[in-house]
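> Fit chain to chain and form the complex, with the hints in mind.
In order, the protein sequences belong to chains A and B.
1052 is the number that our numbering gives to position 30 of the first sequence; each next residue is one higher, with no gaps.
265 is the number that our numbering gives to position 68 of the second sequence; each next residue is one higher, with no gaps.
Heads up, a few of these hints could be off.
[To be verified] Result set (DSBU-like, lysine-lysine): computed pairs, CA atoms no more than 30 Å apart in a straight line:
#1 B:Lys308 - B:Lys323
#2 B:Lys323 - B:Lys277
#3 A:Lys1193 - A:Lys1143
#4 A:Lys1143 - A:Lys1056
#5 A:Lys1056 - B:Lys323
#6 A:Lys1436 - B:Lys323
#7 B:Lys289 - B:Lys308
#8 A:Lys1436 - B:Lys289
#9 A:Lys1225 - A:Lys1193
#10 B:Lys323 - B:Lys214
#11 A:Lys1436 - B:Lys308
#12 B:Lys308 - B:Lys277
If you're looking for bench data, these hints aren't it; they were derived computationally from the structure.
Okay, here's what each chain looks like letter by letter:
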Amino acid sequence: MSSSAANHSVGHRGLDVSALRADFPILQRPMNGKRLAFLDSAASAQKPQCVIDAERECYETYYANIHRGVYSLSQQSTQRYEDVRKTVQRFINAADEREVVFVRGATEAINLVAQSFVRPKLEPGDEILITGMEHHANIVPWQLVAEATGAQLVVAPVLDNGELDMDTFAKQISDRTRFISVVHVSNTLGTINPVEDIIALAKAREIPVLVDGAQSAPHMPVDIQAMGADFYCFSAHKTYGPSGTGVLWGRLAHLEAMPPYQGGGDMIRTVTFARSEYADPPQRFEAGTPNIAGVIAMGTGLEYIESVGREQIAAHEQHLLAYANAELEAIEGFRPIGTAAQKTGVISFTLDDIHAHDMGTILDMEGVAVRTGHHCTQPLMERFGVPATTRASFGLYNDEDDVDALVHGLERVKSLFS
Amino acid sequence: MTDLSELYQAVILDHNKNPRNYRAVDPHNHQADGYNPLCGDQVHIELRADAEGCIEDIGFRGEGCAICMASASIMTESLKGQTLDEAQALFKRFHDLLTDNQREIDASLGKLGVLAGVRDYPMRVKCATLAWHTLQAALNDQTEVVAE
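Okay, chain B solo, but in the shape it has when bound (with noise of 0.2 Å):
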């Protein structure tokens, strides 16, 4: 089991209180809300692709737990400058790492690699992931996604 200090380690912490590109896109060509109804969090995305598929802008607005919070935030920090396909494939390592407790932090995650102690806890896996689902709901151009 993770120790509570590595779950809610500094940098988490950091982004929970001080969230990095919490604000509208303007414009922007896509966007989804995301809602988990076991816990209440909430989560609105929207960011701006140019014709090549490279996300330009991304930014989330919404309320939740730090888990979920430092998630959105971090997510948005790791996407600028990805294309589309990148992205998924980065929610895709994110998720592995989630959800296996044997894996290796792989490097490439960068930052994301702080919310690895998550998957000690199931319960709470969710509140990492929900940023990630509402990002491929606004990908594939959903308005609404309701994780459970």
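Only chain A is shown next, with the shape it has when bound in the complex (with noise of 0.2 Å):
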């Protein structure tokens, strides 16, 4: 880790935003004349020194092929990447370093669930469960497998405040139930979803549970065994490491149990032109050369959070959400999108009938940047009645200069549009 990830003072105030800031370097850059205030987190976070660091002192001094040669650089990258399954591993406090499945992401994570756990347990009439607030990553997976195999989505409502419908969710579990997919924490409301809860529910009738993780990691602590889940997966661009690599975690039997998913190199333990005989988990889920420094600055960016303290980003995140609701509520004609009681620092809004793009190039050129647009999750649009919602959306570098940013510039958009 490099130092500039180590010692940030916690004091009662919270987070010490401004040296943490300086970690980030596209934060010193200015936006079209002004102050960055980056509020698009929930789509990926900015990456710290430390991770740009990680990544390239790989390349330049120690990077070659994993797995395979005796030579030193290859010895050093292995194990330099299988680090990062113990990190993972106390990151998310499995039990085994062996159930970390480095993957390129949440997406393949899910996929790689659905075809290779779930799809050869499926027959015709069998349901799979997920929820109204699923990205459409936790949507398509189980229709590709459910029109392959004749099982049906089932969708748990979504109240008006954004919070499941768990009366419903819990009726809604069947005798034919035979995995249920939920998103931890919902990308577009923000909402907490009671995944305990769930997870009791489901294991009172052994039906297996995958939390998508990529809206909970980066937020707050988890802990996948009091948790309770049987798969949980998150993205590395959002923990503040690099894109297009992540993680699945499976409980080790389920992992023993399941085929592989992309067949290849490094995944197996012998080949014959009559047959291949696969090697164990993890290795047994991933065919072909990795993303070697992608998945090894990932372990710097989990040692970053660590280094500033989960509880500590939390609380920072949920003093920023308090402050901006206070703020964007005065502003007439704002309309939150998703108000429940259990939320990450993830704010959708509307503002009278200004349309979320008019909204995001106005913004853009006040320096603030938010997600527009229906944020990978259109039918839960539908559900609230709006074709686009405006995204603000929280990260451990945010401060209350940028949510005033932000207040100032919807003030600006609102006087365009007056």
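So, in structure tokens, the structure goes:
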């Protein structure tokens, strides 16, 4: 870990955000002549210098392909790559590092589970239960296996405040439910779902559960053993690491019983033209040369989060959420979409009848980067009767100045469109 | 970079708020739906061309950002009474204006010239051209066009 990641003072007022901001080179650049207020970490987080350095250091000093060469570079690359499994194990409190599979991201993780774990179990009429607030990445993989097997996708409704309708969810679990896949934190609404309650319901009927942790891993402590899920996944690019890499965690007994997702090198024990014998997990699911430097830098990003403190990050983002809600609600015509009692630092909203893309362009000119559109949750947009929303989302480097810039930008939007 | 007040000038904001020809065309002999999956903008166009290929009437409906709505509204105003060939030529000149920063605003574009500021915002050019791509689909008797 680089020195920049260490020793952040955490006083009673929370994080030393100005020190943290100094760790992120991109936040030092102006945007359209203004201070950059980056409020789109739910789409992808910016990278601290230590992550950038870790990737560069790999290529500059010890890079070689892993699990192959007997020479020193390959040994060192292999060691650093494999060490990240221990980092991930600690980060999510997994029981065994062999349960940590490196994938391209949460999307690939869900597809892997859908194809290798769920699809072989499905018969026509079987059901897969998801929620109405899923990202497309937790909808489409299940539609693919449903179409291939004749299984049905069952969708639990979302309440007006953006919370999951747990009463209906509980009733939707049936004798035909073969798998439950739920988002831990909604990327559009910020809703933190009661995954422990969901898992308890599922366990009572021996139904395995996948928790999509793309929006929880960066923002709150995650203890996978306490949670009790069967699978959990996240993407490194949202945990301040590089894009193109991420983690699937699965119970070892499940992984050991699963066929490979892709075939290739590095995932086999022996190959003949008659048949191949597959490697044990996690290698069984890591065919081909992976994103070696990316995985190593992902580990650095997770260590960075740990050094800042996950409780502290969560508390800081809650503080910003409360501050932003108060400021934004003072703007006439502001309508938040998603007001669950348990939320992360995500604010989706509409403003009068001004289209999100007009807001996005005007805010950009004020140096404010927000997401606009359907956030890869089109069914959820339909649920709330809006074609698009504007979404501001917080990361550990955001501060009240960023919120003030958003509020100022929205006032500019209103004056232009009045 | 065009100033924001030039991108969102009064004519555009007016057409967004009070879109012209925002209605069905009955009867019509061409129609198409346009959709931009990236931003969710949707435009439906109906038009009636006479035997000589002259646009007698054209209307649109849909939802989208101010640039998309204003562009569709101004397009319908500009096309009424034009031949289909003239409409194609106008689209080409309009498209050139939006994709070439050096191009002078051609007086023959008329009110469409107010959309020139969009060319400094590459992510928004599709918003301004969606209605025109939908028009092309309608004239080619495709019923759907997806612009990305």
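> Which numbered conditions among the earlier hints are violated in the structure presented, ordered from lowest to highest?
4 and 8
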